[in-house]
Amino acid sequence: MKSNKINSIMGMAFFGPALVLLTLFLFLPMLLTVIFSFTDFFALNPDLTHFVGLKNYSDIFKDELFTTAFWNTVKFVLIIVPAQTLGALGLALLINKATVCKKYFKVAFFIPVVMSLAVVSNLWMQIYSPEGILNTMLAQIGIEAQPFIYSAEQALPSIAIMSVWQGVGYQMIIFLGGLQAINPALYEAAEMDHASAWQQFKDITLPELKPLCVFVFITVTIGAFRMIVQPMVMTGGGPSHSTYTLVYDIYETGTVNWEIGLASAMAVIFVIFVIILTIIQSVLTKDKEAKSNAKK
Amino acid sequence: MKKAISAGIFALLLAGCLSGCGKSEIQPGDVVGFDEGEILVSMWVHTIEDTPEGEAYKKSVESFNENFNGKYFANVEFIPRNDSGGGYSDKINASVMSGDLPDVITVDGPNVSAYAANGIIQPLAELSEDEKSRYLDSIIEQGTVNGKLYALGAMESSVGLYYNKAILAEAGIEIPTPDDPWTWTEFSEILEKLKPIMAEKNGYPLDMTFPVGEASIYYYAPFVWSGGTDLVSESGLEVSGYFNSEPVANAMQYFRSMVENKYMSAAPIEKLFESGRAAFKFDGAWEVNTIYQSYPDIDLGVAPYVVSDNWDGGRYTPTGSWAYAATSKAKNIEAATELVKWMSNEKSGLLLYELTKSLPSTYGAYDKIDVFTEDENYRHLYEQLRDYGHPRPKTPVYPQVSTSFQQALEGIALSGKDAQSELDKSTERINAKLERYKRENEE
Numbered sequence: 001m002k003s004n005k006i007n008s009i010m011g012m013a014f015f016g017p018a019l020v021l022l023t024l025f026l027f028l029p030m031l032l033t034v035i036f037s038f039t040d041f042f043a044l045n046p047d048l049t050h051f052v053g054l055k056n057y058s059d060i061f062k063d064e065l066f067t068t069a070f071w072n073t074v075k076f077v078l079i080i081v082p083a084q085t086l087g088a089l090g091l092a093l094l095i096n097k098a099t100v101c102k103k104y105f106k107v108a109f110f111i112p113v114v115m116s117l118a119v120v121s122n123l124w125m126q127i128y129s130p131e132g133i134l135n136t137m138l139a140q141i142g143i144e145a146q147p148f149i150y151s152a153e154q155a156l157p158s159i160a161i162m163s164v165w166q167g168v169g170y171q172m173i174i175f176l177g178g179l180q181a182i183n184p185a186l187y188e189a190a191e192m193d194h195a196s197a198w199q200q201f202k203d204i205t206l207p208e209l210k211p212l213c214v215f216v217f218i219t220v221t222i223g224a225f226r227m228i229v230q231p232m233v234m235t236g237g238g239p240s241h242s243t244y245t246l247v248y249d250i251y252e253t254g255t256v257n258w259e260i261g262l263a264s265a266m267a268v269i270f271v272i273f274v275i276i277l278t279i280i281q282s283v284l285t286k287d288k289e290a291k292s293n294a295k296k
Numbered sequence: 001m002k003k004a005i006s007a008g009i010f011a012l013l014l015a016g017c018l019s020g021c022g023k024s025e026i027q028p029g030d031v032v033g034f035d036e037g038e039i040l041v042s043m044w045v046h047t048i049e050d051t052p053e054g055e056a057y058k059k060s061v062e063s064f065n066e067n068f069n070g071k072y073f074a075n076v077e078f079i080p081r082n083d084s085g086g087g088y089s090d091k092i093n094a095s096v097m098s099g100d101l102p103d104v105i106t107v108d109g110p111n112v113s114a115y116a117a118n119g120i121i122q123p124l125a126e127l128s129e130d131e132k133s134r135y136l137d138s139i140i141e142q143g144t145v146n147g148k149l150y151a152l153g154a155m156e157s158s159v160g161l162y163y164n165k166a167i168l169a170e171a172g173i174e175i176p177t178p179d180d181p182w183t184w185t186e187f188s189e190i191l192e193k194l195k196p197i198m199a200e201k202n203g204y205p206l207d208m209t210f211p212v213g214e215a216s217i218y219y220y221a222p223f224v225w226s227g228g229t230d231l232v233s234e235s236g237l238e239v240s241g242y243f244n245s246e247p248v249a250n251a252m253q254y255f256r257s258m259v260e261n262k263y264m265s266a267a268p269i270e271k272l273f274e275s276g277r278a279a280f281k282f283d284g285a286w287e288v289n290t291i292y293q294s295y296p297d298i299d300l301g302v303a304p305y306v307v308s309d310n311w312d313g314g315r316y317t318p319t320g321s322w323a324y325a326a327t328s329k330a331k332n333i334e335a336a337t338e339l340v341k342w343m344s345n346e347k348s349g350l351l352l353y354e355l356t357k358s359l360p361s362t363y364g365a366y367d368k369i370d371v372f373t374e375d376e377n378y379r380h381l382y383e384q385l386r387d388y389g390h391p392r393p394k395t396p397v398y399p400q401v402s403t404s405f406q407q408a409l410e411g412i413a414l415s416g417k418d419a420q421s422e423l424d425k426s427t428e429r430i431n432a433k434l435e436r437y438k439r440e441n442e443e
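First to last, the protein sequences are chains A and U. Numbering follows our numbering, with no gaps: position 228 of the first sequence is 228. Numbering follows our numbering, with no gaps: position 149 of the second sequence is 149.
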């Protein structure tokens, strides 16, 4: 009994500081955001704050810019999620098979992950510039100079590709860990049965990696939804708002235009949306698992 | 019991965390130089101490304290800020909420209106006509909201239409006088003439971009002003009929014609002007120093800013920079005004010029700096600022006006969207932001 009490005090002492800091800097701000979202809180004049009910929410859905930002974000997600997940899996498979310079490749693909996003964005602005490396290379094979981030059509895919390049190494390492954890006996058995490489991949590798896939899928999706640094540094959300994202809109509204109330409502909508999406994703993936278990 | 213990620990930790945050007033003797009987004036500036700019501020404050020894004591706090102004303005916003503002703050010129409209800053104590007349008109204009003077700066800024003398001589083009600048039509003709010459050099007649951020409205709003309109009404509370008026649409169309006729590159090319591949460039006054220091091969000239065909001779060229203002928390407005005047006076302006090469704000300072009489490019920039300087739109929703201007410009000039409908859309967006102020006025 006594040791129990000591244990409990010890436990509190360990997680107490973290709890206090989390409360102060995470839970409290989250709660305040929800409260502010029902007011017209204006940073320059907090005294004039009124309770406005759901007005912010109805304003947001009427706001053309918010809708544009929403669809831009969805476009980013639709490009980044498949490209980054499949890219990471592909790279992991290749590196796993590599016999020489394995470490070199691992490090090389991982380096962009540890670089600051602002630095990477500036680097790619040089690569994408009208007289930059990429256009010089295109000119070599007879393709005329492309505007990339300076055109409303190409800016979004250009930034998405850059983001995939930047982030893919992280998921690759996760997949690599997963691949190395697969019991080699499974492959040996498959080879005895003359299973082809594709069959081995489809029936051994993929099912074994399944839980990891779900994790990667969800984290990449949430990461892509949070896109802001790249467009902010590279295009400022333009040209013609073609790379203006949800989080960017929240930032502009709250910090640049000082409308904390409206920005809070946007943030709440954003969070709800991401939560719904995550639930859908996990339900979909779980369902399949359950079914395949049932079959067995 | 268990609960009580955990609650106790929790409270203890919370108290420990919070106790570090409390801040007490500075008392005489706490800071070196602050003596009994002196009135404390606290001030925030938007830069860190270890920059040339910070050094200039520090020296000005020191000389203020010497000069007003026994009467006032100014205590300056340096607050870092990033390129886009974050950091410092976040601190101001947070302090507005917590009520911790100092007596004097620095404000970027275009934000004076918003800060005044929201009661963050208060009008300065009355200045004599003689004191006012020492400042450039543009400085007084920038600091005045609804007839009251709120802010005075030690720095001014300007944008030049720079030209490459060698290229213009090759094309046989003469530079007009400041009182008879090129009109849009004339400028287009010149660009047309330069186009084949520049094509040979693998360049464009004009090195121009419409960057995101403050630069676009700063560089290109003169095209609107010289067309005889403003982007917002006099009161700063109306945009319909201003932002979406015909002269603004015409200016936007003019920029579109620059892109369409390939007088400029649609996608920005680095160092086009600096490498001798462009005849003209719009850029801040700092460009003169850059060219002198890093590109001595370029023979640089400053041409008068281009005007609309209907220009009536009024003020139209870019201005604006950081200024000092007294916050509404300043209890002793006389003391705060004294500090604002000191920080923006001739001596402080000279100090800033010396350390950062930024343009001063007083006539006296320009007279004392040789380069503004001896170097023709600096002289042109000064004369343009003195005779034709125009402040940026004075409205509490300036940030929205600035972003809308850039977005409209980009959409119309680069993507070829319909000028009127783009401007109408922007106007609607700005109007939505103005609602708050109109409502206040009615209340």
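FYI, nobody ran anything at the bench for these hints, they're computed from the structure. Every residue gets a Cβ at the ideal spot worked out from N, C-alpha and C, and that includes glycine. Keep in mind that the hints are not guaranteed to be accurate.
Listed below are the simulated SDA-like cross-link pairs for lysine to any residue, each with C-alpha atoms no more than 20 Å apart in a straight line [stated by the list, open to error]:
id	chain 1	residue 1	chain 2	residue 2
1	A	K55	U	D424
2	U	K71	U	K341
3	U	K417	A	Q154
4	U	K271	A	M125
5	U	K91	A	Y251
6	U	K271	A	T33
7	U	K341	U	F372
8	U	K438	A	T49
9	U	K262	A	S129
10	U	K91	A	L24
11	U	K201	A	T49
12	U	K425	A	F66
13	U	K329	A	Y251
14	U	K417	A	T68
15	U	K417	A	A152
16	U	K91	A	T33
17	A	K62	U	D424
18	U	K425	A	I279
19	U	K271	A	Q126
20	U	K271	A	T49
21	A	K202	A	G223
22	U	K425	A	A152
23	U	K201	A	K55
24	U	K271	A	N135
25	U	K262	A	A145
26	A	K55	U	E428
27	A	K62	U	N431
Here are the computed distance ranges between Cβ atoms for each label pair [what the hints assert, rightly or not]:
id	chain 1	residue 1	chain 2	residue 2	range
28	U	N202	A	P184	34 to 42 Å
29	A	F110	U	P28	56 to 64 Å
30	U	Q253	A	N122	32 to 40 Å
31	U	D100	A	Q281	52 to 60 Å
32	U	E186	A	M30	56 to 64 Å
Hint by hint, here is what the structure shows:
1. For the given pair, A:K55 sits about 24 Å from U:D424 by alpha-carbon distance, which is inconsistent with the 20 Å threshold.
2. With a C-alpha separation of about 16 Å, the suggested pairing of U:K71 with U:K341 holds against the 20 Å cut-off.
3. As the CA atoms of U:K417 and A:Q154 are separated by approximately 17 Å, the hinted pair is consistent with the 20 Å bound.
4. Restraint check for U:K271 and A:M125: the C-alpha separation of about 15 Å stays at or below 20 Å, so the hint holds.
5. Taken as a hint, the U:K91 and A:Y251 pair is honoured in the structure, with Cα atoms around 16 Å apart against an allowance of 20 Å.
6. Simply put, U:K271 and A:T33 have alpha-carbon atoms about 45 Å apart, too far for the 20 Å limit, and the pair is violated.
7. A threshold of 20 Å between alpha carbons decides the hint, and for U:K341 with U:F372 the separation of about 23 Å lies outside it, so the pair is violated.
8. With a C-alpha separation of about 15 Å, the suggested pair U:K438 and A:T49 falls inside the 20 Å cut-off, and the hint holds.
9. At most 20 Å may separate the alpha-carbon atoms for a hinted pair to count; U:K262 and A:S129 meet this at roughly 18 Å.
10. As the CA atoms of U:K91 and A:L24 are separated by approximately 18 Å, the hinted pair is consistent with the 20 Å bound.
11. Of the supplied pair hints, the one linking U:K201 and A:T49 is violated, its CA atoms being roughly 59 Å apart against a limit of 20 Å.
12. Taking the CA atoms of U:K425 and A:F66, the gap is about 14 Å. The hint holds against a cut of 20 Å.
13. A hinted pair counts as satisfied when its Cα atoms are at most 20 Å apart, and U:K329 with A:Y251 does not qualify at roughly 28 Å.
14. Distance hint between U:K417 and A:T68 is fulfilled; the C-alpha atoms sit about 17 Å from each other, no more than 20 Å.
15. Of the pairs offered as hints, the one joining U:K417 and A:A152 holds, with about 12 Å between alpha carbons and a cut-off of 20 Å not exceeded.
16. Among the hinted pairs, U:K91 with A:T33 is consistent with the structure: their alpha-carbon atoms are about 19 Å apart, no more than 20 Å.
17. Restraint check for A:K62 and U:D424: the C-alpha separation of about 17 Å stays at or below 20 Å, so the hint holds.
18. With a C-alpha separation of about 37 Å, the suggested pair U:K425 and A:I279 falls outside the 20 Å cut-off, and the hint is violated.
19. Among the hinted pairs, U:K271 with A:Q126 is consistent with the structure: their alpha-carbon atoms are about 13 Å apart, no more than 20 Å.
20. For a cut-off of 20 Å, the pair hint linking U:K271 to A:T49 is broken: about 48 Å separates their Cα positions.
21. At roughly 27 Å between alpha-carbon atoms, A:K202 and A:G223 are farther apart than 20 Å, so this suggested pair is violated.
22. Between U:K425 and A:A152, the direct Cα distance comes to roughly 18 Å. Compliance with the 20 Å bound is thereby established for this hinted pair.
23. At roughly 58 Å between alpha-carbon atoms, U:K201 and A:K55 are farther apart than 20 Å, so this suggested pair is violated.
24. At most 20 Å may separate the alpha-carbon atoms for a hinted pair to count; U:K271 and A:N135 meet this at roughly 17 Å.
25. Distance restraint check for U:K262 and A:A145: the Cα-Cα separation of roughly 15 Å lies within the 20 Å cut-off, and the hinted pair is therefore satisfied.
26. Taken as a hint, the A:K55 and U:E428 pair is honoured in the structure, with Cα atoms around 18 Å apart against an allowance of 20 Å.
27. Straight-line distance between C-alpha atoms of A:K62 and U:N431 comes to about 15 Å, which keeps the hinted pair within the 20 Å bound.
28. Between U:N202 and A:P184 the CB atoms are about 60 Å apart, so this pair departs from the stated range of 34 to 42 Å.
29. One distance hint, 56 to 64 Å for the beta-carbon pair A:F110 and U:P28, holds here, with the actual separation near 58 Å.
30. Take U:Q253 and A:N122: their Cβ atoms lie about 33 Å apart, and the range 32 to 40 Å holds.
31. For U:D100 and A:Q281, the hinted distance range of 52 to 60 Å is not satisfied, since their beta carbons lie about 45 Å from each other.
32. Between U:E186 and A:M30 the CB atoms are about 59 Å apart, so this pair conforms to the stated range of 56 to 64 Å.
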